[in-house]
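Protein chains: 2
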Amino acid sequence: MWNQNILTEKIGIRYPIIQAGMAGGITTPELVAAVSNAGGLGTLGAGYLKPEQTRESIQKIKQLTDNPFAVNLFTPETPEVNDTEIAQANEWLLPFREELHISEAPEVKEVQTAIFEQQIQIIIEERVPVCSFTFGIPSKAVLQQLKENHIIVMGTATTVTEAKANEYSGMDMVVMQGSEAGGHRGTFLSSFEDAMIGTMALIPQAADQVNIPLIAAGGISDGRGVLASFILGAQGAQMGTAFLSCFESGANTQHKQAVLNIEEDQLAITSAFSGKPARGIRNDFIKKMKKHEKHLPPYPIQNTLTKQIRSEAGKQNRTEWMSLWCGQNPRSCKSQSVNELITSIVSQIENMQK
Amino acid sequence: MWNQNILTEKIGIRYPIIQAGMAGGITTPELVAAVSNAGGLGTLGAGYLKPEQTRESIQKIKQLTDNPFAVNLFTPETPEVNDTEIAQANEWLLPFREELHISEAPEVKEVQTAIFEQQIQIIIEERVPVCSFTFGIPSKAVLQQLKENHIIVMGTATTVTEAKANEYSGMDMVVMQGSEAGGHRGTFLSSFEDAMIGTMALIPQAADQVNIPLIAAGGISDGRGVLASFILGAQGAQMGTAFLSCFESGANTQHKQAVLNIEEDQLAITSAFSGKPARGIRNDFIKKMKKHEKHLPPYPIQNTLTKQIRSEAGKQNRTEWMSLWCGQNPRSCKSQSVNELITSIVSQIENMQK
Chain S
1 MWNQNILTEK
11 IGIRYPIIQA
21 GMAGGITTPE
31 LVAAVSNAGG
41 LGTLGAGYLK
51 PEQTRESIQK
61 IKQLTDNPFA
71 VNLFTPETPE
81 VNDTEIAQAN
91 EWLLPFREEL
101 HISEAPEVKE
111 VQTAIFEQQI
121 QIIIEERVPV
131 CSFTFGIPSK
141 AVLQQLKENH
151 IIVMGTATTV
161 TEAKANEYSG
171 MDMVVMQGSE
181 AGGHRGTFLS
191 SFEDAMIGTM
201 ALIPQAADQV
211 NIPLIAAGGI
221 SDGRGVLASF
231 ILGAQGAQMG
241 TAFLSCFESG
251 ANTQHKQAVL
261 NIEEDQLAIT
271 SAFSGKPARG
281 IRNDFIKKMK
291 KHEKHLPPYP
301 IQNTLTKQIR
311 SEAGKQNRTE
321 WMSLWCGQNP
331 RSCKSQSVNE
341 LITSIVSQIE
351 NMQK
Chain P
355 MWNQNILTEK
365 IGIRYPIIQA
375 GMAGGITTPE
385 LVAAVSNAGG
395 LGTLGAGYLK
405 PEQTRESIQK
415 IKQLTDNPFA
425 VNLFTPETPE
435 VNDTEIAQAN
445 EWLLPFREEL
455 HISEAPEVKE
465 VQTAIFEQQI
475 QIIIEERVPV
485 CSFTFGIPSK
495 AVLQQLKENH
505 IIVMGTATTV
515 TEAKANEYSG
525 MDMVVMQGSE
535 AGGHRGTFLS
545 SFEDAMIGTM
555 ALIPQAADQV
565 NIPLIAAGGI
575 SDGRGVLASF
585 ILGAQGAQMG
595 TAFLSCFESG
605 ANTQHKQAVL
615 NIEEDQLAIT
625 SAFSGKPARG
635 IRNDFIKKMK
645 KHEKHLPPYP
655 IQNTLTKQIR
665 SEAGKQNRTE
675 WMSLWCGQNP
685 RSCKSQSVNE
695 LITSIVSQIE
705 NMQK
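From first to last, the protein sequence lines are chains S and P. According to the working numbering, the first sequence is numbered sequentially starting from 1. According to the working numbering, the second sequence is numbered sequentially starting from 355.
For the record, the hints were derived by calculation from the structure and aren't laboratory data. Remember, it's a predicted structure, so these values are computed and weren't measured experimentally.
Each computed DSS-like pair below joins lysine-lysine, with the alpha-carbon atoms no more than 25 Å apart:
id: 1; chain 1: S; residue 1: K288; chain 2: P; residue 2: K648
id: 2; chain 1: P; residue 1: K630; chain 2: S; residue 2: K291
id: 3; chain 1: S; residue 1: K287; chain 2: P; residue 2: K630
id: 4; chain 1: S; residue 1: K287; chain 2: P; residue 2: K644
id: 5; chain 1: P; residue 1: K645; chain 2: S; residue 2: K291
id: 6; chain 1: S; residue 1: K164; chain 2: P; residue 2: K688
id: 7; chain 1: P; residue 1: K648; chain 2: S; residue 2: K287
id: 8; chain 1: P; residue 1: K645; chain 2: S; residue 2: K287
id: 9; chain 1: S; residue 1: K294; chain 2: P; residue 2: K644
id: 10; chain 1: P; residue 1: K518; chain 2: S; residue 2: K334
id: 11; chain 1: P; residue 1: K641; chain 2: S; residue 2: K291
id: 12; chain 1: S; residue 1: K354; chain 2: P; residue 2: K708
id: 13; chain 1: S; residue 1: K294; chain 2: P; residue 2: K641
id: 14; chain 1: S; residue 1: K290; chain 2: P; residue 2: K642
id: 15; chain 1: S; residue 1: K294; chain 2: P; residue 2: K648
id: 16; chain 1: P; residue 1: K645; chain 2: S; residue 2: K290
id: 17; chain 1: P; residue 1: K648; chain 2: S; residue 2: K291
id: 18; chain 1: P; residue 1: K644; chain 2: S; residue 2: K291
id: 19; chain 1: P; residue 1: K644; chain 2: S; residue 2: K288
id: 20; chain 1: S; residue 1: K290; chain 2: P; residue 2: K641
id: 21; chain 1: P; residue 1: K630; chain 2: S; residue 2: K290
id: 22; chain 1: P; residue 1: K648; chain 2: S; residue 2: K290
Please construct the entire structure, taking both the sequences and the accompanying hints into account.
What follows is the structure in structure tokens.
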């Protein structure tokens, strides 16, 4: 099964196991390199990184591994800035700021597109083997430039229609993100509710409709999920939460502990942290902001507004106000090294195939 | 894989493939018997049947097959009747009644518990091999009586906690209903939102926590889903929509056609038809009633109020007001005989295992 796999052959990795490009400090160079060194594909979640941070992280990863790795970018979104909406959101966020002793609300600047373009140039200059995208498909020009530089491009889809759009755009492969996934929904063509398709249903339907390799994501935390993904029609599997809880991940200790102690029915999808629906552990922030959710500024504006709250909450050990992203299979996640996780997946699958 | 399966051995069937007990005229004796004759376990969805109809259907099934089959019952719920709430719901339903020329609103009677107890007696008298339950766990007395009469009892769970509750109650096996499933959610301990766990995540977590055999349900429409279920830790797989679209099912032609032509992102979860969340094809009724959903009478009261609307809409070929239940994997469903469906699943699995 590891041989004659289109994904491992194309990327040049041993196992078709991908570590999701979780943004926000989780995917440290140490985590990315550990995954790639263990035979999988590590991914730097560069969505929130500045250009210079992106370059430094990539260079650090290259010092730590000679194996292929990926960088994940957020396809830019530039919603109109509505000052009234922002003022209202800041009013709702004030109680959290006060509790955390944050003196003022951040300024909202629009620079996302410029950062993205600089990141693309860095990825090309640094000869990053794989560039993956979330939140939509970038321009034809961007994809073409990457492909001309022999960089493998990988998209994200949450419906069959989005998978087809990725294929049509020229993506080499596409991550099919099932509704179980932790963190942000990658939906870009439907409403988020309509695109909450479970992995079990999403993979076979996409496999019958698109020809590029599919990577299953959502609810996969061990060898059972990885093997089931292949059976359903994927050529690879991507895991987020299972890597988040590993020793090498940069997720803070409270986040790791929360994931290791939570049950699958204590999560929620919320837009309160970023303006875009994402799955995490249901805490006080999510509960208190729920009634305002429909009136918050869109992503990435709300994300900017809550940035200090999230980081201060982390520093002050206040898990009730942190964004504790988590997928629906936390019970199968363990406190272990990346190498133990990948080795156990491989041996689990080899045992099941006997 | 078909041998040494605890489910097939215990029930005495050839394949651990279960046809879901869809209520509302879909599970005709012909469908149930066809599934059991093909080596699976057919299920009469008796949730909405009167005692005499339940007996007649069981006797008809026994004429059509000598193989084991199941009867599915709804564990009774007796919410308080609130006349103001009912009057309000009837006002919202009036436009649909007028369009369909339904002259008056139905009377709401509370008889569910009495019917359920009579159905239990019929199941015992008719020596039905398997009795399955949805919407919660019946009383200890009921389960004990069935077990004393050598009837296998099967529960439904949508979270690991609900699976444990089923095991503790003495259920012989439990259907784990993932969020992909069509029709009503079986959730009985959590809020329905918290219990929307995808099959990919639900099965392995339940497999690690309970010891009774698990049956995976939700998003499974062909051999890929059935085999993936086993890999994830289930001992059997249950399918609804895939059987609904078969020749032998009693679903009306418009419903079957709608399922065969829909895409996975055109469905919705609605409480508008019955007062209990259920997944179906998003149509005019669901869209128009959405704003009232939180203020409708609970199940089964709302179900009684919409009964004529659903049945008249069916007779008048108005799919926009019918309850077109459908799971998230409609693209893998085909217009075929039950025997073709089961044979293709078996050969698909045997091919994948080579």
